[in-house]
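If you read the protein sequences in the order shown, they are chains A and B. For the record, in the first sequence the residue sitting at position 166 is 166 according to my numbering, with numbers rising by one throughout. Whatever position you read off the second sequence (first residue = 1), add 384 for my numbering.
Source of the hints: derived by calculation from the structure; they are not laboratory data. These numbers come from a predicted model, not from an experiment. Worth double-checking, as some hints may not be accurate.
[Unchecked claim] Now the stretches of chain B that chain A is said to cover, found in silico as 3 or more residues with beta-carbon under 8 Å: (1) 442 to 453; (2) 457 to 464; (3) 477 to 483; (4) 579 to 589.
[To be verified] Ranges between beta-carbon positions, derived for each pair: (5) B:Asp602 <-> A:Asp374: 16 to 26 Å; (6) B:Arg577 <-> A:Tyr356: 46 to 56 Å; (7) A:Thr289 <-> B:Gly498: 20 to 30 Å; (8) A:Gly267 <-> B:Arg499: 20 to 30 Å; (9) B:Val449 <-> A:Val279: 39 to 49 Å; (10) B:Gln442 <-> A:Val279: 32 to 42 Å; (11) A:Ile272 <-> B:Arg499: 32 to 42 Å; (12) B:Gly427 <-> A:Val8: 55 to 65 Å; (13) B:Val449 <-> A:Leu286: 16 to 26 Å.
Note that beta-carbon positions come from the ideal geometry of N, C-alpha and C, so glycine has one too.
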Amino acid sequence: MLALSEIVHSKLKFALIALAIGLVVALTMTLSAMSEGLVTGMTGAKGNLDADALVFQGDTYLNFERSLLTTEDVEQIRSAEGVAQAYGVGHVYISVDAPEESFDTHAFGLTDDFEQLPVVEGVGGMPQDGETIVDETVRSEGVEVGDTVTLTPIGRELTVIGFTESRRYVMAPVFYVNMNTYEDLRAASMFGVMAETSDAELPSATHVIDAVEGNVSVAAVKLDEGTTVEGLAAALEDDFDVVTPDEAALAGNGMPVMVLAVNGIQGVSFVIGALVIGVFFYITTLHKTGQIAAIKALGASNAFVYRQLLAQILLLVTAGALLGTGLALGAGASMPPAMAFDPRPDRWGVTLALVYLMAFVGSLFSLRSILKIDPATALDHAEH
Amino acid sequence: MSLLEVSDVSKTYGSGRGVVTALEDVTFSVETGSMLAILGPSGSGKTTLLSIVAGLLQPTSGRIVIDGQPIHLRSQREAALYRRDKIGIVFQDYHLIPYLSAVENLLLMPRLAGRATRAHREKALGLLEEFGIGERAKHAPWELSGGERQRVAIARALMNDPEIMLVDEPTANLDTERGTQVVAMLGEHVRGRDMTCLMVTHDVRMAEGADRVLRLVDGRVV
Ligand SMILES: Nc1ncnc2c1ncn2[C@@H]1O[C@H](COP(=O)(O)OP(=O)(O)O)[C@@H](O)[C@H]1O
Ligand SMILES: [Mg+2]
Chain A
1 MLALSEIVHS
11 KLKFALIALA
21 IGLVVALTMT
31 LSAMSEGLVT
41 GMTGAKGNLD
51 ADALVFQGDT
61 YLNFERSLLT
71 TEDVEQIRSA
81 EGVAQAYGVG
91 HVYISVDAPE
101 ESFDTHAFGL
111 TDDFEQLPVV
121 EGVGGMPQDG
131 ETIVDETVRS
141 EGVEVGDTVT
151 LTPIGRELTV
161 IGFTESRRYV
171 MAPVFYVNMN
181 TYEDLRAASM
191 FGVMAETSDA
201 ELPSATHVID
211 AVEGNVSVAA
221 VKLDEGTTVE
231 GLAAALEDDF
241 DVVTPDEAAL
251 AGNGMPVMVL
261 AVNGIQGVSF
271 VIGALVIGVF
281 FYITTLHKTG
291 QIAAIKALGA
301 SNAFVYRQLL
311 AQILLLVTAG
321 ALLGTGLALG
331 AGASMPPAMA
341 FDPRPDRWGV
351 TLALVYLMAF
361 VGSLFSLRSI
371 LKIDPATALD
381 HAEH
Chain B
385 MSLLEVSDVS
395 KTYGSGRGVV
405 TALEDVTFSV
415 ETGSMLAILG
425 PSGSGKTTLL
435 SIVAGLLQPT
445 SGRIVIDGQP
455 IHLRSQREAA
465 LYRRDKIGIV
475 FQDYHLIPYL
485 SAVENLLLMP
495 RLAGRATRAH
505 REKALGLLEE
515 FGIGERAKHA
525 PWELSGGERQ
535 RVAIARALMN
545 DPEIMLVDEP
555 TANLDTERGT
565 QVVAMLGEHV
575 RGRDMTCLMV
585 THDVRMAEGA
595 DRVLRLVDGR
605 VV
């Protein structure tokens with residue numbers, strides 16, 4: 001109540017403190033969301049695969065581009081102990097002749113489970129041959145639902161039937177296609193238009209194409225209740241590398257280094273923010289030394305004075321947290337999709353919890369000065 | 385019956401060659417229901433004496449006895465409880481909490497011990513009424529005159545029914561006429577009750593409102 005009265009009395013001062021806390025919260029949240037956006041931009045299509053485990057070819061270092069599983073491999077995985085369900089995921093590079101500018105990206109062929117792709121525009125589900133569902137960030141290349149894009153140099157066309165979200169890979173929007181289309185794209189990529197146009201090359205080309213028919217990059221596996229990723233890895237022995245989608249997302253493409261950098265950025269912004277908040281309350285405490293001395297001289301315990309400070313901190317940090325969250329959401333809403341802003345409630349929750357924690361830690365500096373204030377000074381400064 | 389006895393109290397500040405003797409063998413007692421004025425020039429040790437009785441300073445030697453009980457304040461915490469429950473202090477510059485209204489400044493006292501109840505509020509309003517500032521109860525300190533502020537400070541000190549009221553230089557910020565008026569009111573309040581009042585002043589006219597006067601020069605009673 002003392003705490004609240006003081007806030008009401010000095011509205012401007014406390015509004016500015018709440019604003020400062022709000023800006024710190026907004027800064028850490030925005031950085032967190034942008035970092036998260038960077039990570040999903042790099043690996044969203046990998047990490048968001050609907051699976052408990054991803055199975056890679058052995059010794060491919062969890063590399064989508066290098067891993068290759070044959071039809072027999074996928075069968076072996078599907079029939080392994082503890083596997084409830086398994087589908088293949090194929091990866092192939094494509095170049096898209098877009099209205100704005102041509103760009104290189106990735107096509108993912110799924111043997112099943114297109115329902116895992118959230119539909120943000122158009123339709124979802126299994127695409128027909130020659131159709132594709134694309135990550136919505138492709139809009140910034142001028143591609144819209146209903147458009148038909150040409151793939152160069154292979155001369156294939158894909159019709160966009162729907163947009164999905166958080167499905168980029170190495171910052172490029174992933175094109176999801178069915179297995180027929182995937183195999184066609186891969187064959188065309190391997191041999192160019194040559195396979196279709198040159199009779200002379202046909203026998204050997206078809207031979208190779210037949211040989212790789214049904215091959216995928218990785219198998220996405222859903223496990224039976226009670227089976228762990230480690231359990232599956234043991235069941236499959238050394239022929240395969242088995243990890244969770246999250247682990248796969250953080251491997252390859254320079255991700256380990258990027259994650260370190262991103263955590264460093266968040267850590268630094270966080271520590272500075274915490275210091276700023278702590279220093280603010282420390283200054284307001286130093287500012288009130290005379291008043292605190294008087295209250296202590298009247299018989300207030302240190303605990304009483306500290307409780308008032310904590311109540312104030314709680315109120316101001318809560319106001320700042322609401323303000324900061326609003327600002328961060330506003331900042332995110334005004335960013336173009338390509339800027340990769342991915343607010344995650346769990347991360348923001350952690351940020352908020354840490355802001356409260358740091359405000360509390362900051363308050364301990366104030367507590368130290370409260371303890372040091374000598375109530376006797378309330379009587380003796382009068383004559384000077 | 386004497387409520388407060390101060391026996392052989394000495395206080396020195398500092399150590400070695402920088403040592404200052406602020407009080408030397410000060411002895412006196414105050415009867416229940418009476419007001420004692422301690423009169424002395426600046427630097428004579430008045431505030432030091434007040435601080436010792438308030439439990440804000442430890443005497444270098446000597447002892448303070450209240451109601452037959454010697455006061456031993458072993459910790460900061462004990463001293464705070466002692467001040468809260470037995471002592472009322474009126475600071476020279478009042479130290480009203482600037483963001484609390486007059487009545488809320490009084491209610492701070494019961495709050496130090498827990499909650500302020502409806503009964504506390506009525507008591508607070510009654511005290512403000514008694515000191516002639518009932519209609520100023522809702523005003524903030526900066527809206528009050530110097531005299532009104534002092535009366536709020538006195539009413540606040542009385543709020544927890546202290547056994548000992550300590551008043552530091554009640555006229556320093558007031559003209560003499562208004563000062564004597566306030567002292568007279570305080571004297572009336574004390575006389576009807578089981579409490580004593582110790583008032584410190586350098587002004588002879590102010591001391592006339594007290595039941596007894598003790599003169600202090602260079603830390604000694606003369
Ligand atoms: N904290 C202190 N440290 C050193 N000397 C002090 C301190 N407080 C007071 N003194 C000295 O003690 C003497 C008495 O001071 P004080 O009790 O404030 O007198 P008064 O209130 O009568 O003016 C003075 O000489 C003063 O300088
Ligand atoms: Mg003095």
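Chain A covers the stretch 442 to 453 of chain B, three or more CB atoms within 8 Å, holds or violated:
violated (count 0)
Using a Cβ cutoff of 8 Å, are there at least 3 residues of the stretch 457 to 464 of chain B near chain A, or does the coverage claim fail?
Since 3 is at least three, the answer is holds.
Given a hint of 32 to 42 Å, does the C-beta separation of isoleucine 272 of chain A and arginine 499 of chain B actually sit inside it?
40 Å, holds
Falls inside 55 to 65 Å, the C-beta gap from glycine 427 of chain B to valine 8 of chain A?
Hint violated: Cβ distance 42 Å, outside 55 to 65 Å.
Do the Cβ positions of valine 449 of chain B and leucine 286 of chain A conform to the proposed distance bound of 16 to 26 Å?
Since the Cβ atoms of valine 449 of chain B and leucine 286 of chain A sit about 39 Å apart, the hinted range of 16 to 26 Å is violated.
Cβ distance range 39 to 49 Å for valine 449 of chain B and valine 279 of chain A, holds or violated
47 Å, holds
Please verify the coverage claim for the stretch 477 to 483 of chain B: does it have three or more residues whose C-beta sits within 8 Å of some C-beta in chain A?
holds (count 5)
Okay, glycine 267 of chain A versus arginine 499 of chain B on CB: inside 20 to 30 Å?
43 Å, violated
State, for the Cβ atoms of arginine 577 of chain B and tyrosine 356 of chain A, whether the hinted interval 46 to 56 Å holds or is violated.
48 Å, holds
Using the beta carbons of threonine 289 of chain A and glycine 498 of chain B, state whether their distance is inside 20 to 30 Å or not.
26 Å, holds
Determine whether the Cβ-Cβ distance between aspartate 602 of chain B and aspartate 374 of chain A falls within the hinted range of 16 to 26 Å.
25 Å, holds
Are there three or more residues in the stretch 579 to 589 of chain B whose C-beta lies closer than 8 Å to some C-beta of chain A?
Coverage by chain A is violated here, the residue count being 0 at a Cβ distance below 8 Å.
The structure does not agree with the numbered hints 1, 4, 8, 12 and 13 stated previously, though it agrees with the rest.
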